[in-house]
Amino acid sequence: MLEVDHVSKRFDVPPRLLRLLSRVASSQAVQAVSDVSLRVARGEVVGLVGANGAGKTTLLHMIACLLEPTSGSVRVDGFDTVTDPNEVRRRLGLVIADDRGFYWRMTGRENLVLFGVLAGLTREHAKERAEELMQQADLARRDRMVFGYSSGMITRLHVARALIANPPLLLLDEPTRSLDPLVSLEVGRVVRRLADDGHAVLMSSHNLEEVVANCDRVVVMNEGVVVLADTASGLRARQDGVSGLLEALDGAGR
Amino acid sequence: MIDSTAARSSYSDRVLALGRRDLKIELSYHFGQLIRLLSIVFPVATFFYIGQLADGSPELAGYGGSYFEFVLVGLTGTTLAALGAEMFSSMISREQSEGTLASLLSTPTPLWVLLAGATLFPLGFTAVEVLIYMALGVGVFGAEFSAVGILVAIPIAVLTVAVFAGIGILSAAFIVVTKRGEPITPLIRAATTLFAGAVFPITLLPDGLQLVGRMLPSYYAIEGLRGALLSDDPLSTWDEMLTLAVMAAVLLPLSMWALKKALRWGRVSGTLSSF
Numbered sequence: 042m043l044e045v046d047h048v049s050k051r052f053d054v055p056p057r058l059l060r061l062l063s064r065v066a067s068s069q070a071v072q073a074v075s076d077v078s079l080r081v082a083r084g085e086v087v088g089l090v091g092a093n094g095a096g097k098t099t100l101l102h103m104i105a106c107l108l109e110p111t112s113g114s115v116r117v118d119g120f121d122t123v124t125d126p127n128e129v130r131r132r133l134g135l136v137i138a139d140d141r142g143f144y145w146r147m148t149g150r151e152n153l154v155l156f157g158v159l160a161g162l163t164r165e166h167a168k169e170r171a172e173e174l175m176q177q178a179d180l181a182r183r184d185r186m187v188f189g190y191s192s193g194m195i196t197r198l199h200v201a202r203a204l205i206a207n208p209p210l211l212l213l214d215e216p217t218r219s220l221d222p223l224v225s226l227e228v229g230r231v232v233r234r235l236a237d238d239g240h241a242v243l244m245s246s247h248n249l250e251e252v253v254a255n256c257d258r259v260v261v262m263n264e265g266v267v268v269l270a271d272t273a274s275g276l277r278a279r280q281d282g283v284s285g286l287l288e289a290l291d292g293a294g295r
Numbered sequence: 002m003i004d005s006t007a008a009r010s011s012y013s014d015r016v017l018a019l020g021r022r023d024l025k026i027e028l029s030y031h032f033g034q035l036i037r038l039l040s041i042v043f044p045v046a047t048f049f050y051i052g053q054l055a056d057g058s059p060e061l062a063g064y065g066g067s068y069f070e071f072v073l074v075g076l077t078g079t080t081l082a083a084l085g086a087e088m089f090s091s092m093i094s095r096e097q098s099e100g101t102l103a104s105l106l107s108t109p110t111p112l113w114v115l116l117a118g119a120t121l122f123p124l125g126f127t128a129v130e131v132l133i134y135m136a137l138g139v140g141v142f143g144a145e146f147s148a149v150g151i152l153v154a155i156p157i158a159v160l161t162v163a164v165f166a167g168i169g170i171l172s173a174a175f176i177v178v179t180k181r182g183e184p185i186t187p188l189i190r191a192a193t194t195l196f197a198g199a200v201f202p203i204t205l206l207p208d209g210l211q212l213v214g215r216m217l218p219s220y221y222a223i224e225g226l227r228g229a230l231l232s233d234d235p236l237s238t239w240d241e242m243l244t245l246a247v248m249a250a251v252l253l254p255l256s257m258w259a260l261k262k263a264l265r266w267g268r269v270s271g272t273l274s275s276f
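Protein sequences appear in the order of chains F and E. Counting the first sequence from 1 gives a position; the numbering used here is that position plus 41. Counting the second sequence from 1 gives a position; the numbering used here is that position plus 1.
If you are wondering where the hints come from, they were derived from the structure by calculation, not from laboratory data. Treat each hint with caution, since some may be false.
[Said to hold, decoys possible] Here's a subset of chain F near chain E, in silico, CB distances under 10 Å, partners left out:
#1 50
#2 137
#3 145
#4 159
#5 202
[What the hints assert, rightly or not] So the derived label-pair ranges between C-beta atoms look like this:
#6 F/92 <-> E/27: 37 to 47 Å
#7 E/112 <-> F/120: 16 to 26 Å
#8 E/128 <-> F/76: 49 to 59 Å
#9 E/191 <-> F/182: 47 to 57 Å
#10 E/141 <-> F/120: 52 to 62 Å
#11 E/147 <-> F/120: 50 to 60 Å
#12 E/44 <-> F/223: 51 to 61 Å
#13 E/254 <-> F/44: 32 to 42 Å
#14 E/27 <-> F/176: 26 to 36 Å
#15 E/191 <-> F/78: 49 to 59 Å
#16 F/269 <-> E/261: 32 to 42 Å
#17 F/83 <-> E/112: 25 to 35 Å
#18 F/165 <-> E/240: 43 to 53 Å
Glycine residues also receive a C-beta, built at the ideal position from the N, C-alpha and C atoms.
Same shape as in the complex, but just chain F:
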């Protein structure tokens, strides 16, 4: 379903003229992702773990066609993210780690219907799906304009939007961010169920234990590089367990 082959992303310093027109975040080039390869098959949940700045979000944005890789390739169902971006977008749902991204002066339901239609659903179908997902996300009774949503509700709305057109590939960038522990557990169960229904899921998180609990395989990134890839059961079976892995990760960062 998802094939990432030797992908790297380097943010170069923009040309002098553009720096004159607008300030840039950094005056030095940044190598955000280096030679990352991974696969996610249908029915599989792969967890992407790493500290802030590890390159997880950059990688997810490259898969979602929001960023172009500097080198390497990303394919979804055989479609390349650079040459066939619309075919790729048809096949994926993205949960971004950002409280923005919705029209705040529309209700959550109205946002879902809009993005459903833009994802290719008819208006009637989008309305049905929106209603179904609002119920599942426990937002239906409390729906209001998005500016009145809490962070947790916005995160759930992001998950609902990613599912609106029922795409085969789901990219979840820290889907449990801002959620309380009980709802986080529920998200884990939802992710598992989606995989059981045949979706391919790539999910990033800071929380290694959560990822090990919910994923089939785990990819650990540090400073843009994959430092470890193993099955969740393999990680659980490690003598030093998850805490040992955390220490290894810490060591890799030094």
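Guided by the hints, dock chain E onto chain F, whose structure is given.
Structure of chain E alone, referenced to chain F:
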């Protein structure tokens, strides 16, 4: 999972959905647009009374002699030019600052559909604005336009919006790159007022500045509209129409190319959702 047999939304459904979005957002502010529409009364009334002083000026002879009608058409032309220039740049600016640009661009909806959807509400609103201008001018202040003139004015209005849409898309590309925007719309309003003859004939300007006026698309838009609505021969506006059509034919593809390049730059530099 993707069901290839399921009915899919057409591009026109998506354009309508985006128009509905803008209407909902505008209605959520309750009074903003209403006040804007009501405020139209003030310039129209002001120019009606200024017209009492200026009527009969020899400079207005070629435009039917009435300053009020002259300026009413000028204001309409300026409104149409500002609409074209503003609708895309303000859309891109808003989507970028609200973080919805990345959300829109991660849907499988082509860029031109997103842009077309962004035009529906502003076009509808401006049509109402222009109708109010005209209704006030004709109904309250006694301006007179022929039916043939109004029919000829419609394609000129469409071409005006198309030309300025090209400029607006260029402005949107600038915003994508610099994150700060709408440098062009205020400039267009000011230049149209001073150089393109929105509120006085450009023959009053020194020769050099008249030349500047004749280089602006808004001059041809306003001259065309005046030719259609105020002259004895509305069909004598072919030159203006042709000039506007050529400008639109050049600017629209050029601006789409620039916007695609700017979005590509955003994808390469990782600045698409920053602002």
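Structure versus earlier hints, numbers of those that do not hold, lowest first
none
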